[in-house]
Amino acid sequence: MDISNQIEKVKLNLFEKEQIVEACTIISKYLSDSLLAIHLYGSAVEDGLKPYSDIDLLVTLDGSMDGETRMGLMKDLLSCSAAPGTNPRKRALEVTVINYSEVVPWKYPPRREMQFGEWLRQDISEGIFEAPLVDKDVCILIKKVRASSVAVFGTVASTWFEPVPDDDFVDSLRSTLDLWNTEEDWLGDERNIVLTIARIWYSASTKLIGSKEEASLWLIDRLSMPYRSLLVKARQDYLMGSQKEFAIYTEEMSAFIHFARQSITAILNS
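Position 42 of the sequence shown, counted from 1, bears residue number 42 in full-length UniProt numbering, the numbering being contiguous throughout.
No lab work stands behind these hints, which were simulated from the structure alone. These numbers come from a predicted model, not from an experiment. Watch out, some of these pointers could steer you wrong.
[Stated by the list, open to error] DSS-like, lysine-lysine: derived pairs with alpha carbons at most 25 Å apart:
(1) K75 / K11
(2) K17 / K107
(3) K9 / K143
(4) K75 / K107
[Said to hold, decoys possible] Pairwise CB distance ranges, derived in the manner of DEER restraints:
(5) S32 / N181: 21 to 29 Å
(6) S270 / K9: 35 to 43 Å
(7) L78 / E183: 44 to 52 Å
In this text, a Cβ means the ideal position worked out from N, Cα and C, and glycines have one as well.
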């Protein structure tokens with residue numbers, strides 16, 4: 001698979017380009033018979049990879065995956081990924097695999113064949129593999145890929161995927177917002193969740209996809225204290241790659257999420 005010319009158009013360092021080539025080579029090894037496209041999306045093609053940003057890949061297949069293929073691919077991808085900040089030559093990978101016929105013609109809620117990420121490392125190492133499932137987040141992902149992505153293999157995303165209907169997009173935002181109800185739901189991932197909520201808020205208000213950097217800047221001027229200060233800190237830590245403990249802001253997190261849920265829900269219901 002020759003993908004070197006495609007990733008040259010993205011501002012990446014040598015290690016990041018090599019990692020993408022390695023990941024795509026592994027993907028092709030297992031899925032070459034049904035592989036239609038691989039799209040690079042997220043921070044890499046939006047406003048640049050930040051110190052702890054993932055490399056995000058969407059893989060589109062002409063068919064489904066069997067269990068053996070899924071297990072083999074996920075195991076091999078472990079060698080091509082590293083938890084944020086643990087390896088100067090490798091970033092965390094997030095790889096989502098979809099069956100083209102499950103999303104074109106558009107069906108809601110959509111299904112995915114597989115998802116790989118560092119949060120699954122222990123499960124994969126222990127032989128625990130998630131089966132294909134309905135995942136409303138694929139709706140957001142496809143909207144992201146249509147808005148901004150690079151075809152590492154295959155053609156541009158707009159030739160593959162139909163526009164996501166606004167009603168389905170709104171419902172998928174609502175479902176994501178419902179993930180965070182108690183402290184256990186955000187403990188250990190506070191910074192990322194604050195920024196993800198900023199993106200949901202931005203999307204609910206504009207019906208567009210914004211990067212974490214863009215959405216957080218948009219929201220800062222629309223928040224009052226103390227919510228603004230929490231978002232400013234999350235944004236600065238994200239941009240600078242700070243590893244400072246964020247869990248000390250327990251009360252602030254709870255208040256922010258409660259306020260955000262109410263505010264975003266009101267927008268989604270309007």
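Each hint, compared with the structure:
For the hint linking K75 to K11, the alpha-carbon distance of about 28 Å lies beyond 25 Å, and the restraint is violated. Distance hint between K17 and K107 is unfulfilled; the C-alpha atoms sit about 34 Å from each other, more than 25 Å. For the given pair, K9 sits about 21 Å from K143 by alpha-carbon distance, which is consistent with the 25 Å threshold. Only pairs whose Cα atoms come within 25 Å are accepted, and K75 paired with K107 is rejected, the gap being roughly 30 Å.
The hinted window of 21 to 29 Å between S32 and N181 is violated, with their beta carbons roughly 42 Å apart. Distance hint for S270 and K9: a CB-CB separation of about 39 Å, consistent with the stated range 35 to 43 Å. Between L78 and E183 the Cβ separation comes to about 30 Å, which falls outside the hinted range of 44 to 52 Å.
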